[in-house]
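Student: Below, each chain spelled out in residue letters.
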Amino acid sequence: MKRKYVRKLFNTRKPYDLEKSNDVFCQAMRENAMHHYKQCPDYKRILDEANFDPKSIACMDDLINLPFLPTLYFKHHELFSKPLWKMPIKATSSGTSSGFKSKIAMSIGDLWRGFKMIKRIFSYHKLWSIRPVTYLIFGYQPTKHSEAGIMKTAYGFTYVAPAKKRVYAIRWSKENGYQVDLDYMKAAFIKASQQRTPIRTIGFPAYTYFLLKEMKAEGIKLQMAKGSKVTIGGGWKQFYAEKVDKNEFYQLVHEVLGIEEKNCVEFFGAVEHPILYTDCDYHHFHVPAYARVIIRDPDTFKPVPKGQMGLINLLTPMMEGTPLLSVMTDDLGVLHYEGCECGELSPWLEIIGRVGIKDITTCAQGADDLLSK
Amino acid sequence: MILYQGEILDNHYQKEKLGTLREDCYKTLQVGDSLKVQEVILACDKLAQKFKNGDFDELIIPLLEEFDIPYEFFISNIPMFEEEALNRKVEIELGKDYLDLEPLNDQNSREVHPLGILFHIAAGNVDALPAYSVIEGLLAGNINILKLPSGDRGVSVQLLSELIKIEPKLSSYIYVFDVPSTELDTLKIFAEISDAIIVWGGDVAVKAARSMTSVTTKIIEWGHKLSFGYASLDAPDEELVGMAHHMAMTNQVLCSSAQGIFVDTESRVELDKFADRFFNIFVGVNKSHKPIPFVMKSKNALELYNEKLEQHLTHKHIWQQDGISVITSDDSKLELSMLFRSIWIKMLPKKQIIKELRPHKNHLQTVGLMTSKETYQEYVDIFVKSGITRITKGEDMSRMIIGESHDGIYPLKLYTKIIEIEK
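Chains X and C, in that order, are what the protein sequence lines are. With my numbering, the residue at position 121 of the first sequence is 121, and numbering never jumps. With my numbering, the residue at position 118 of the second sequence is 118, and numbering never jumps.
Here chain C stands alone, though its shape is the one from the complex (with noise of 0.2 angstroms):
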């Protein structure tokens, strides 16, 4: 499916649109009344209205199915793109004065602008995503191509020519195109045509797009991140309490969701017997969750069968009631869980944090903290050097709060240029 200037057309109109992409994308620079960030942010305001009034149920609710993710979650989650949060998020990320920034001197202005034209490079892990990443380059006022990621089913063309409909002026700014990473002749002439690529996924993903760009065009990445809990043994009940409520929540499933957490101990003993303290508050906060997918938990049944099988090699200390699993080990690596509630707890001193996670450095993102009031901060002044951006209370580190930047950075600003004007 091709979204091109607000009309949806078959794949095999590509060749012919590919031929016209790159005149019709200077002709909106050249002639076109450039895009305001008011008229995105109304046009994002009225279709999350939409989403409220559960225009787009049928679309969203087999997806957050999948993904295990609550209805309430999601609707809770509306908000975000409204007209008060959208213009918070510009002002937080390009800051109050971006219509309006001081000049250098009586002479020289300066002025935020779009790069120009985006390209967008989508994952194919979460659904809407996509059609989110084009919201943000609009929103920076730039021109967007997005190449779907392989195995799209077609959400993200549908939100992003709802948009359209709702503000017709959008369409010269999203051109959508269904090519497979294979293309890779394709893909050079977007990345040509584009000012920054931008990269979600994995690290091929970016390499990926490191092969294809000129030097005259940018890379922004934006890669999968893990997070994880932080636990000193004097960590109160209802700190567990909330990370618990956390994993259960998210399953594992998003960046900052935790696969595990580290315990600042040296021993095995101390850290089996957080181990099961913990367990025995996620059984029970996990009765309140929504039950574990028949697919998900028969996997993890499977692994942590096989993983009893090896027990004798591995020295692992398994956790099994319905359906989660707590396990602890002897090593301090960082690694993704089994996913859905089967998650890791492993030792990690606090004089070891900078040497284990910084190897990691651009793959963290959130650790959620459970210590004593008296030592938060203690643990706080080591992580932000760790390669962490995010630090929060353990049932916090899913939450969205507007402005917030993205795995540390702010993408607005990573999106638009400062040009300065000689009077």
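In isolation and in its complexed conformation, chain X is listed as follows (with noise of 0.2 angstroms):
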């Protein structure tokens, strides 16, 4: 099937221009659908219980009424529209609370895609760099024991800027697998401050946050070389039940690195929704033209009415091996489309937290796990 639309959303030149891009989305939205529907049964028969034929989407508020997928339906089940040898990138969640990982594949189109996404989006937020940098990478080290997806993204976000080294803080070694090792990480900063290289951190925010007030209760102030940015991502999850506000962990960057809040940069996605969201400077995550956001009601699956919190569901049709085209978090957020001070039009989307009390575990809770052992 000749993929038209999908590839004109992604060659957009404006990665956040939601209005001109709806009715294309909504073009490579059905011919993503129609993809699934005739390559992946199982899509087929919750498509056809849910009497929703995919030639009918017509309009965005068709995308209301697609069927979407629970992130746990991808838990229990294998949902692939290629034949599996087929697909360079196999992918897993990092673990849940039940111990299931989605499995996601992705085709050589969905790789080409994601990679253009990046591309633009980098462009557009000035990520892109041509000095080496350091990474100190607050995640695991990539080895063949784990297929952790935010493994695949820490490693493809070091060729942003070119690497002089990559320093890990979730190492692992033969006799013990996977183990933390923030004193490591603290040696890398201190090093790293007396360098010339600029630094680039990646990875969940409880880490860089713990080691960062550790390290300000030691009296440590560094100054990082110019060009340096902290990148998170993976989660506020324990920053809730902390209560710590963004803004204490942005003046924290700035009291221990010498970073300034500017150059904090946060991103935002998921293996069952491989788009990259980005904060704008204002922290704010503009839904990008790439994906649609649906708030909806718990009770009625129907959308919140504009600025009330619900379910978040995320729509994108770059995927062609795994059919992830409408996909239901278990986060609940608000989608705001009061306007950001930066100046983009399109809404932004605030993630309030995770449904129930301590269920789902996320990346960032697997990784947690591993801190309280």
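Hints listed in this document are in silico derivations from the structure and should not be mistaken for laboratory results. Here the structure is a predicted model, which is why all the values come from computation and not from measurement.
In silico DSS-like pairs for lysine-lysine, Cα to Cα no more than 25 angstroms straight-line:
1. K316/C x K44/X
2. K287/C x K302/X
3. K44/X x K308/C
4. K308/C x K38/X
5. K302/X x K290/C
6. K101/X x K308/C
7. K316/C x K101/X
8. K15/C x K186/X
9. K15/C x K216/X
10. K75/X x K316/C
11. K213/X x K15/C
Build the complex: two chains, separate frames, hints provided.
Tutor: As structure tokens, then:
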């Protein structure tokens, strides 16, 4: 099947122009729904049971009725719309309290689209750099022992600027498996501050936060080379529990590492929705043109009125390997339409927290488990 | 946070205090005039009055809200910590004659004494539980070392330090440390000083405690328990109404909360008919209860949606309205529900009860029986042999009665010993 519209969508020059991309987004979704309907028997069954004909997608409102798949469903079922051997990337989510992980496969086309998206968004946010940097990664050292998507993402990020060196906080050893070693990271920060190469940190905010807090308590004040950035991703879940304000985090980064707030960049994405959300200068996650967000009422699953909290449903026609076109996350959030000082008109997504009390675990939670070991 | 001889200290004093702990505990045993049960009871009574006056509302209300426990329910249970109730608890558990046991013979007397030093490893699922465990240890006259659960928010330390303020003598009987479960060497020190380890929590916690204990220290386990309802097809509506109230009130979060209902039938058709009947009652009853917290309602909505996507494989039947739900299936497996008023209803014919439940023997707590008056005793006779430790009516599953056992056992009995003394 020709993927005319999705190609057009991922070639867009304005990565946050939702208004103008509505038509092509809708057509791309139709195209993608028809592809999965044809190629993935389980997806076909789900649509049939809901009496939904993918050909009927004609406008944005039709996407509300397109049956969504909860991330939970991917943890128990493998849905692929291409033979597995044809797909170079198989990623899993970082594990859950139930021990199940989502299995997602990406085709070459999916990867190509992902690459175009990252290129465009990083250019928009001025993240590309030709100057080599030292990467300090608060995440897993890539080995054959884990297929966690977050690890692949983190590794991928280390090509955004040429890597002089990569330092990992969660390292693999034969004896102990993956172990967190924050002291090692601390030493790496101190060493990096004495050099002229800028640093980039990547990884879970919780780790970064705990380490910086400890360094502050020890009276450590560093000045990283100009051009250094702190990038975080993987969720703020622990912060809700600790009631730590994001601003406090930025202040901490400034105090301990001498890196300014504007050089703190946060990313958000999920294995089940591999779209890159990057915060703007005002730390808002604007919805990129490659995706749409519907906030749904948990009682009816109908969209909530603008500005109200509900379940976050993420849509994208990006993937042909796995039917991820409408995925319901375990997160509650609000979609803000009131505009943003950065000038971007695209609404921005505020993630309030996870559903349930202490249930389905995220990447960050899995990491938290390692921390509390 | 550390509580050491009445002082609240920062965690970095831990090393220093660990160095003196053994000596200080032994000193209390050696020279202290031993703790009287009445002293503990009076201190608890005064603390209970403070609760009644609302002195701790700021501390307690957020916790109650988190678990969706009504404030009135909490207040109605405070009398459990008042003088009269605690005296009754001690008398029931240790016997009315605990201060004056009948001698063995003319030459040999018998006395009830505390074990000595208890090491409490508390679970993190209920915030005030660690403090409660210590209070039970105190009632038996013991010195108590408490390891706080990870993620503890300081409620236990606050409660215990209040108790010490009321009765300063308790200061040398309460030691609280904030040691992570990984600091095995420290935990081994606590275990080694203590006469017994009191472990709250799942099987994992119990196993961990076993691994750090020498044979000279005994382990007392208070594990996680599951409870459920059991109904015969002729159970009258009022019994089902009672169960529905219990389910809506406790949201399946307590050890004693029914996770679901087993029905005495082998027929899926009869089961679904019963489920339909119960669900209609449940929907009605639910209207008189607090709404389900948004985050839990959302979690269950997703899980139920997922169940529906899998229905072609599982053959489950789902009833769902107003955020509550009932699911029937073909199996008889005892399991946790989705919590917060999304419960299961399964078949369990009378003749299968022992076979299905015995494998869970150490994890069972309460069964809420819904049967006709005539057959009630018949079911009681089976359940007493199933591993269950409480049999109640549906609506009374989580009621608390002064002097009732803890999962079938009296803790104060376990925390004390009888010493025989020849004159």
